[in-house]
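My request is simple: use the sequences and hints to build the entire structure.
Listed below, chain by chain, are the residues.
Protein chains: 2
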Amino acid sequence: MMTAAKTPRFDIVGQALSDASRTRMLCELMDGRAYTNKELASAAGVTAQTATAHLRLLQNADLIVAEKRGRCVFNRLANEEVARMLEQLAVIAPSSSLHHVQRRKAGEIAQVRSCYDHLAGPLAVAMTEQFLARGLLREENGAFAVRPGEEWQKLGVTLPQKLGRQPFARPCMDWTERKLHVSGPLGKQVLSHALERGWMQRNTHKRGLTLTGPGRRALQEILDLNCGELINA
Amino acid sequence: MMTAAKTPRFDIVGQALSDASRTRMLCELMDGRAYTNKELASAAGVTAQTATAHLRLLQNADLIVAEKRGRCVFNRLANEEVARMLEQLAVIAPSSSLHHVQRRKAGEIAQVRSCYDHLAGPLAVAMTEQFLARGLLREENGAFAVRPGEEWQKLGVTLPQKLGRQPFARPCMDWTERKLHVSGPLGKQVLSHALERGWMQRNTHKRGLTLTGPGRRALQEILDLNCGELINA
DNA sequence: AAATCCCTTCGATGCAGAACGAACTGTAAT
DNA sequence: ATTACAGTTCGTTCTGCATCGAAGGGATTT
Numbered sequence: 173m174m175t176a177a178k179t180p181r182f183d184i185v186g187q188a189l190s191d192a193s194r195t196r197m198l199c200e201l202m203d204g205r206a207y208t209n210k211e212l213a214s215a216a217g218v219t220a221q222t223a224t225a226h227l228r229l230l231q232n233a234d235l236i237v238a239e240k241r242g243r244c245v246f247n248r249l250a251n252e253e254v255a256r257m258l259e260q261l262a263v264i265a266p267s268s269s270l271h272h273v274q275r276r277k278a279g280e281i282a283q284v285r286s287c288y289d290h291l292a293g294p295l296a297v298a299m300t301e302q303f304l305a306r307g308l309l310r311e312e313n314g315a316f317a318v319r320p321g322e323e324w325q326k327l328g329v330t331l332p333q334k335l336g337r338q339p340f341a342r343p344c345m346d347w348t349e350r351k352l353h354v355s356g357p358l359g360k361q362v363l364s365h366a367l368e369r370g371w372m373q374r375n376t377h378k379r380g381l382t383l384t385g386p387g388r389r390a391l392q393e394i395l396d397l398n399c400g401e402l403i404n405a
Numbered sequence: 173m174m175t176a177a178k179t180p181r182f183d184i185v186g187q188a189l190s191d192a193s194r195t196r197m198l199c200e201l202m203d204g205r206a207y208t209n210k211e212l213a214s215a216a217g218v219t220a221q222t223a224t225a226h227l228r229l230l231q232n233a234d235l236i237v238a239e240k241r242g243r244c245v246f247n248r249l250a251n252e253e254v255a256r257m258l259e260q261l262a263v264i265a266p267s268s269s270l271h272h273v274q275r276r277k278a279g280e281i282a283q284v285r286s287c288y289d290h291l292a293g294p295l296a297v298a299m300t301e302q303f304l305a306r307g308l309l310r311e312e313n314g315a316f317a318v319r320p321g322e323e324w325q326k327l328g329v330t331l332p333q334k335l336g337r338q339p340f341a342r343p344c345m346d347w348t349e350r351k352l353h354v355s356g357p358l359g360k361q362v363l364s365h366a367l368e369r370g371w372m373q374r375n376t377h378k379r380g381l382t383l384t385g386p387g388r389r390a391l392q393e394i395l396d397l398n399c400g401e402l403i404n405a
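Going line by line, the protein sequences match chains A and E. Sequential numbering of the first sequence, starting at 173, is according to this note's numbering. Sequential numbering of the second sequence, starting at 173, is according to this note's numbering.
Check the hints yourself; a few may be wrong.
[As the list claims (entries may be wrong)] Listed next, with one range per pair, are the computed distances between beta-carbon atoms:
#1 E:A220 / A:L304: 46 to 54 Å
#2 A:R241 / E:K210: 40 to 48 Å
#3 A:E312 / E:Q231: 31 to 39 Å
#4 E:N232 / A:S214: 26 to 34 Å
#5 E:G242 / A:E301: 31 to 39 Å
#6 E:R256 / A:A225: 47 to 55 Å
For the record, the hints were derived by calculation from the structure and aren't laboratory data. Being a predicted model, the structure only gives us computed values, none of them experimental. All C-beta atoms in this analysis are idealised placements derived from N, C-alpha and C, irrespective of residue type, glycine included.
Dropping the structure here:
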């Protein structure tokens with residue numbers, strides 16, 4: 173049975189987010205990969221015992237899930253909603269250094285990076301703008317409606333039979349660009365296809381990605397994107 | 173060489189969200205309207221002193237903004253991004269999965285409502301504009317000067333002998349319209365008269381009001397107001 | 001078997017902050 | 001002028017919890 177219209181318990185999640193050690197761990201997890209207890213302890217700058225307590229708390233708040241493998245425990249974000257919530261949180265959360273400086277400093281932040289399981293950053297924003305300009309996507313009251321097009325196939329996207337029903341493409345706010353890019357199953361397919369084809373490679377330990385020559389050419393050909401303007405490396 | 177940590181400080185916002193009293197207040201504010209300290213204290217179930225501390229904390233986290241007006245302090249969400257973040261948070265937060273949080277979209281908030289003891293909302297704003305256009309009110313350095321007129325009588329307003337002495341009509345900022353409407357004794361008389369005559373009725377629970385047929389006709393006749401344009405119910 | 005490593009549990013410590021009563025400031029009503 | 005009311009400040013109490021040292025389990029290696 174459900175209780176009568178009670179207020180959402182923001183405080184339970186907020187409690188989990190209220191400690192700097194825990195949020196440092198979450199930032200580490202935002203690339204969608206799994207990290208061990210020890211790695212996250214090191215990222216947060218605390219001992220393993222303390223990390224254990226933190227990770228249990230994050231688990232109880234359903235922000236992460238843990239998987240035991242041998243003597244290690246792999247932790248990852250519980251689901252995409254958690255990642256989206258964190259991205260939205262980043263829009264309003266103050267940063268250790270200045271936001272504006274971050275954006276302008278070339279190369280300090282990866283121009284191409286992943287956001288949980290999909291592309292983010294200027295490249296993702298530019299691609300999304302192309303999708304919208306070509307009528308492949310339409311923004312409809314805060315959601316993305318997907319229209320068929322040969323570009324999807326070239327990007328490795330398999331469209332579902334029934335378009336427009338489920339959230340196949342979701343708008344996701346990029347916190348450095350403050351513009352929309354595509355998440356959801358569509359965004360996920362685009363990234364995994366790009367990684368398979370060697371269009372880009374994951375950097376060490378972070379969400380950064382490196383766009384390769386073939387990737388540059390592929391995006392130029394499929395979407396007429398001039399990646400040289402975006403990534404001045 | 174690792175650059176200095178530039179991770180977003182999720183914990184600062186999380187800290188603000190970590191207390192149930194504060195999140196109850198935020199839930200109350202999610203309709204986009206402004207509430208006083210006391211109202212929020214009551215919504216959170218704490219005393220006024222405690223609410224003061226909470227509200228200051230929320231201000232420092234840039235989640236809300238406060239504006240002093242008279243002896244009251246009106247608090248509202250700082251911006252649209254905060255509302256979006258809270259909505260995204262509601263997706264994660266327990267016990268919120270079914271009840272979609274009511275955030276202000278166009279026309280979602282009562283078009284006719286009360287603000288303590290006087291009318292507010294688009295209807296009140298439209299009436300005030302009529303008062304000004306007909307010369308019944310004049311804005312003088314931030315205050316309303318009242319001029320005599322037969323409309324006042326028809327609206328149930330008894331003017332005091334000495335006009336202009338004390339603030340008989342005060343300008344009151346409507347938070348959703350961002351325009352002025354009339355408070356003070358004059359606004360109070362208008363509302364109580366309208367309720368007496370059955371021009372409108374109080375809704376359950378909130379400050380919402382329902383404009384009745386006779387009320388619609390009365391306002392049409394007295395002020396030439398077309399209420400149909402305002403209230404699309 | 002012993003050694004090593006990852007993680008957890010337990011206990012102690014110390015700090016942060018949520019709550020309210022009492023008292024105070026300033027504004028509005030009568 | 002007096003009263004009532006909204007909000008704040010201060011001091012106190014009490015609970016929660018982040019942290020680490022020490023010690024214990026379980027898995028893998030030597």
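Okay, the hints, checked on the actual structure:
With their beta carbons about 49 Å apart, A220 of chain E and L304 of chain A fall inside the hinted range of 46 to 54 Å. Evaluation of the 40 to 48 Å hint for R241 of chain A and K210 of chain E yields a failure: the beta carbon distance comes to about 54 Å. The given range of 31 to 39 Å is respected by E312 of chain A and Q231 of chain E, whose C-beta atoms sit roughly 36 Å from each other. A C-beta distance of roughly 31 Å is found between N232 of chain E and S214 of chain A, which places it inside the suggested range of 26 to 34 Å.
Range check, G242 of chain E to E301 of chain A: Cβ separation about 48 Å, and the 31 to 39 Å hint is violated. About 31 Å separates the C-beta atoms of R256 of chain E and A225 of chain A, a value inconsistent with the hinted range of 47 to 55 Å.
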